[in-house]
Amino acid sequence: MASRLQALPPDRLPPPEVPPGTPFRVRPRPPPPLPLIERLDLSACAAVDDRLACATFGGWAARLRSVNLSRASAVRAEGLEAMARVCTAVEEVDLSYCCSVGDREAAALGGMAGLKDLRLVKCLGVTDVGLATIAVGCVGLERLSLKWCLKISDLGVDLLSKKCCDLKLLDISYLKVYNESMRSIASLRKLESLSIVGCSFIDDEGLAFLNCGSPSLQSIDTSRCDNVTSLGLLWVIKGHDSLVHINVGHCFPELGMPFLSKLEDLKSLKSIRLDGFKVSESILRMIGLGCKALAEIGLSKCEGVTDEGIVKLVSSCVELRTIDLTCCHLVTDISLFAIADSCKKLACLRLESCGLITENGLLRLGSCCSSLEELDLTDCSNMNDSALKCLSRCLELLVLKLGLCSSISDEGLIHIASSCKKLQELDVYRCEGIGDDGLEAIAKGCKQMKRLNICYCTQITDKGMKHLSTLEKLADLELRRLVNVTSTGITAIAMGCKSLVELDLKRCYHVDDNALQALAHYSKNLRQITISYCMVSDVGLCILLGGLRCLQDVKMVHLSHVTVEGFEIALRASWDRLKKLKLLNGLRHLLSPGLVQILQARGCRIRWVIKGPALK
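One point on numbering: in the UniProt record's numbering, the residue at position 254 of the sequence shown is 254, and numbering is uninterrupted.
Hint data in this document are derived by calculation from the structure and do not stem from the laboratory.
Don't take each hint at face value.
What the hints assert, rightly or not - DSS-like cross-link-like pairs, simulated, lysine-lysine; straight-line CA separation at most 30 Å:
hint : residue 1 : residue 2
1    : Lys555    : Lys450
2    : Lys580    : Lys151
3    : Lys444    : Lys463
4    : Lys168    : Lys190
5    : Lys270    : Lys116
6    : Lys463    : Lys422
7    : Lys301    : Lys270
8    : Lys473    : Lys345
9    : Lys473    : Lys582
10   : Lys190    : Lys301
11   : Lys555    : Lys498
12   : Lys444    : Lys122
13   : Lys344    : Lys389
14   : Lys473    : Lys421
15   : Lys278    : Lys190
16   : Lys168    : Lys122
17   : Lys421    : Lys498
18   : Lys450    : Lys389
19   : Lys498    : Lys524
20   : Lys176    : Lys163
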């Protein structure tokens, strides 16, 4: 019998006999397998470094397709090499704002053969050598952002263009490249979107290479290219009659007639931004007649925008969904009447500093534009509570900016809160008529609120903070110089607003250690905080910086009750997480050099500021 049992496989053996009286025990179940995760976002995990990255990218990560490591400055070559070995299916990587990423890290990325989407915004250490390793190893790359990678030159762009022939999106904004780069880019036959914002060494000759190149091009952004003129853009338009998006803002002062005439050939054009140009009624009329399919137009800070021009424009471009008239000071209600009557699909209207707008224009807007989602009325001095009552008809409103509208009071906010239930962002910066009653209305009516700016609304007290504490989705809260708010109010915010990510308490003079203790205990998602001029001490600062594991960005200038030793201890408690610091210049030579070196080695950027004495 024994020999027969020995011949059986283990899974067919009979269960062993249990002696009488043996207590019954339940065998624990094995842990469930990890879910099939395809996207991993570590951008909020400030302490991630090579060691943690190596531990994170285990066998379970083999199915990962997207990894976000933006601002994870402590992840270097070793961690990325571990990711390349394990994450064989990864197609998308974001290392934006990892300023210490250089050629070694780029070489590790080159080992990810299946990479299609790579973002390296402000990776200041990457040179042509690093870009070459990426280009050779990731030949299937389709989307690449090299914005602010200042060490990359024409040589790197040329090799990239030769190796990565499938590129569809390329952003080389602010690179110190010349026309030779444009010659190379023109060979990319699948390129659909090109951004060369702020490339001051590229001129019309460089854009001329695109005339017969990049036949798939649909979007081009040449904004702030100082040496580009309308002639260069004309070359681009001649070779690409399927362009959908053009941004030439702040390039050259005037639009030439050949350029304007050629716009008629762009039957697919949906978006054009002309910020900073000199325009006229005739120019806007030509744009309207030639680009009737436009869904977006940007005229921010354009000189010469008048009611007559806007009327001509919108009477032809009835499909417009986004209109930017920021700082177009001559615009009046007549423009709003025309926009409201013609653009029934309007979703976004920016009117900052359009001081001639009144409640009459908003009444027409509220009556006709039921799809309006975003409205910027910052510094529109005629805005009052009656205007907001008119605006309350816009039931789809998501974003409303009313900063510097000094005639607005709680009554106006009550109108908005009673109807605009979907509102997610509200800015009432320096609206000093706003108080606790207005915040109560917002808290009860706008439960989707995510961003709120009530800086310098000095009537607000702890009672208002108590109302706001019921907004569970609130992520960004600016409370600068609320002189009647104390630690009691901030404690209520900490306990109620569990989604809080950014908090500005600058010049809240009655906020002390008790508030920081509450934030450290309850606000576990907080990434950015400003506590400059607050009445906090060594104890509060140490508790705050030591207790918040997600905290990355701290501004703490003129903390007059914090000693050098307090700063030292607090920074040592959080050195592995901090990415940005704002400190008084006087501390530069008082903090231990070793601490500053450790912070900078981990990728923390310290801004030393020279400020006068704290003034109330």
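For each hint, the structure was consulted:
1. Between Lys555 and Lys450 the CA atoms are separated by roughly 22 Å; this keeps the pair inside 30 Å, and the hint holds.
2. Taken as a hint, the Lys580 and Lys151 pair is honoured in the structure, with Cα atoms around 22 Å apart against an allowance of 30 Å.
3. Distance restraint check for Lys444 and Lys463: the Cα-Cα separation of roughly 14 Å lies within the 30 Å cut-off, and the hinted pair is therefore satisfied.
4. Between Lys168 and Lys190, the direct Cα distance comes to roughly 5 Å. Compliance with the 30 Å bound is thereby established for this hinted pair.
5. Pair hint Lys270 plus Lys116 holds up; C-alpha atoms about 27 Å apart against a cutoff of 30 Å.
6. For the suggested pair Lys463 and Lys422, the alpha carbons sit about 24 Å apart, so the restraint of at most 30 Å is met.
7. Distance hint between Lys301 and Lys270 is fulfilled; the C-alpha atoms sit about 21 Å from each other, no more than 30 Å.
8. About 28 Å separates the Cα atoms of Lys473 and Lys345, which keeps this hinted pair within 30 Å; it holds.
9. For the given pair, Lys473 sits about 28 Å from Lys582 by alpha-carbon distance, which is consistent with the 30 Å threshold.
10. With a C-alpha separation of about 34 Å, the suggested pair Lys190 and Lys301 falls outside the 30 Å cut-off, and the hint is violated.
11. With a C-alpha separation of about 21 Å, the suggested pairing of Lys555 with Lys498 holds against the 30 Å cut-off.
12. A hinted pair counts as satisfied when its Cα atoms are at most 30 Å apart, and Lys444 with Lys122 does not qualify at roughly 41 Å.
13. Using a Cα cut-off of 30 Å, the hinted pair Lys344 and Lys389 holds, with the two alpha carbons roughly 20 Å apart.
14. Straight-line distance between C-alpha atoms of Lys473 and Lys421 comes to about 14 Å, which keeps the hinted pair within the 30 Å bound.
15. Distance restraint check for Lys278 and Lys190: the Cα-Cα separation of roughly 34 Å exceeds the 30 Å cut-off, and the hinted pair is therefore not satisfied.
16. Straight-line distance between C-alpha atoms of Lys168 and Lys122 comes to about 21 Å, which keeps the hinted pair within the 30 Å bound.
17. Using a Cα cut-off of 30 Å, the hinted pair Lys421 and Lys498 holds, with the two alpha carbons roughly 21 Å apart.
18. With a CA separation close to 22 Å, the supplied pair Lys450 and Lys389 stays within the 30 Å bound.
19. Restraint check for Lys498 and Lys524: satisfied, since their Cα atoms lie roughly 8 Å apart, inside the 30 Å limit.
20. Simply put, Lys176 and Lys163 have alpha-carbon atoms about 21 Å apart, close enough for the 30 Å limit, and the pair holds.
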